[in-house]
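Asker: Sequence:
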Amino acid sequence: MENARDAYVRYDPAKEELWVKTILDILAQTGKSYYKVAAQQLVTILVIVVAKGTHRGFISEVDTNYVGVGLMNMIGNKGGAGVRLRFHDSYFCFLTSHLAAFNNQVDRRNQDFTEICKRLTFPHRPDPLTAYVAHAWNDGGDEGVSFLEKQDVVRDWSQTASVFHTDYLVWLGDLNYRINLGEAEIKSRIVQGEMDYLYEYDQLMIEREAGRTFPMFEEGKIEFQPTYKFDAGTNDYDTSEKRRAPAWTDRILWKKDRTQDEPKSLQLISYGNCMDMMLSDHKPVQALMQARVRKIDSRKQKATREAVEKQLKESKDETTKGQLSSSFVEFDTVHFMEYKEKTLVLENTGQVLAPFRFIPKIDETLVCPSWLHVHPMSGLIGPGEQVVIHFEILIDPSISTPFNEGTEQIDNILVLRLENGKDFFIVISGQYQPTCFGVRLESLALMPLPVSETVSNKKKKKEISESSDMGRTAQQAMLPKELWQILNFLWNKSMLCIETLFLEHGDRAITEYVRRCLDKGDPFDSGVLLGSDTNEEQAVGANSMVDVLVAFLECLPESVVPSQLYKHALMAAESQEAMSQFKEKMPYIHLNVLLYIVSFLSCAMEYCPAACREERRARIAELFTVLLRPPLDYKERNPPLAQRRREAFILQLIQS
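Sequential numbering from 1 applies to the sequence shown in our numbering.
I should point out that these hints are in silico values taken from the structure, not numbers from a laboratory. Hints are supplied without guarantee of correctness; some may be wrong.
Stated by the list, open to error - Capping the alpha-carbon separation at 16 Å, the derived lysine to aspartate or glutamate pairs in EDC-like fashion look like this: (1) Lys256 - Glu219; (2) Lys295 - Asp89; (3) Lys118 - Asp152.
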């Protein structure tokens, strides 16, 4: 895991490839063959699974996934990434995560753990060989699955696997839990080797024992010194002005399925840190474990399986009958980039197999709108059995425009058909909460009122439309008021002189507050943004606003540099003449926004403290590549080179 200063690009294949190559090159020195099984990246979080070549034929059902827990589940480097696989007939899940920072954010870290557990899922491929294990997991036999049920998570576990649907779950990463003691005392106890004393004040231990986080996990005895925070390149704890207190932020925990009755089914052989590693302000942790692997004799299962199948016999009543738990799916209030899920239960009340499927309504070709995902779309239910049908909604930038402009509603009817039976009509409803995120620049620039008021009702929408036709002032039409409000907060010498501006992430609670202000048109409260106005709180507030700015730009349905001008933008980085020609091709409002942001970035460089000038320059170049993105059908032949060209474009803009 890299530090937070590299934390906006959610996937960088070059970094993944470099890590994989380095790992395999080192393992090759053992004289044995290894290969990459899978890898999953989320911003600076990267999990890589490698295995001996001799195991290749026994590893199957490999799946990866990730979830973010930052602003709108997309900004920042907080979240989790996981790999789930089957080795022989045992299932393993390896999950790495980065939880909320700061000493006083214990509840937020606990919440991050719960969110990752609830939302990180993998496909599940039913197999008669291991079906009994799945039943054991799902029927209250697993603490993790029971934990999800208590969190109101309802899914069809015959098709989907949670992180807990495994025999062995290994959870590692920067969990960010701290030690509830002062910096001076912690350092003194470390020098005296009093790790047991410090562990009594370890936040993760306290929260686990109270059952508030990782309640079903185990961890080895910690006999090594805290792994955070060091002066980079040394074994000295933080000597900067911030003087972060040492802590065991980096941990490795595991959970084994309770069906693994053998006490030695998973053994921890060693658990320690790597003090020789000097690349980061953290010291890596390492664990060596040994696990027993299930290998099922399929021949012994065959007779039992065949006997069960014979129980499904033909009945005199050939009519397909079913019952739906409800005809209504109500999503209530739905926010932009907020994932929501509802479920219905379809039960076969007849005596024969019941095939079902969703069908389009009359004169329509699509079964459901693009903003709604339904699964399973079809299936087969045995007599007396049930299937859970999931209805998932996510309004993302690709489809948000009509919702934010009030021309689309969460309102639909789906048709569920039982073959040789009846049709069920399911009413989908909800209330979308408009936001300035995900709205076209042209639309925002012409809105005299906040988005939440603009689309509150049709009458107001009509009045606004009429007033817009009468014309707005030149300044109003040139720039979205939301963008002006963001940059107006940042565009002053006191903010631009902050050394860590652009280099660190802000606070999630502050970014959510800023977002609400923008949507409602409320002024910013400096007390919320800057706290007591200390240097550290001021930096957090400023970087929170930068997070919002980047999120705003990234969520635009059409980027500031329109996608059809993507190639022209890359060429514009080569000379001032090419840049001038590029600007002439830009649409009016897009050019105004681009020049406004570039002017701000130029000032940010002008007032940047000398000590961090080069670092800020590189960070701005990387960060503001969100201003341009290629067309959807555009394929980069060399992604790392394309990223460098985008950064060159940003730097050329600032210099020009």
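Asker: Now look at each hint and say whether the structure bears it out.
Answerer: Hints, verified against the model:
1. Lys256 - Glu219: Holds: Lys256 and Glu219 sit about 12 Å apart, inside 16 Å.
2. Lys295 - Asp89: Between Lys295 and Asp89 the Cα gap is close to 5 Å, so the pair holds against 16 Å.
3. Lys118 - Asp152: Measuring from Cα to Cα gives roughly 9 Å; hence the hint holds.
Comparing the model with each numbered hint stated earlier shows that all of them hold.
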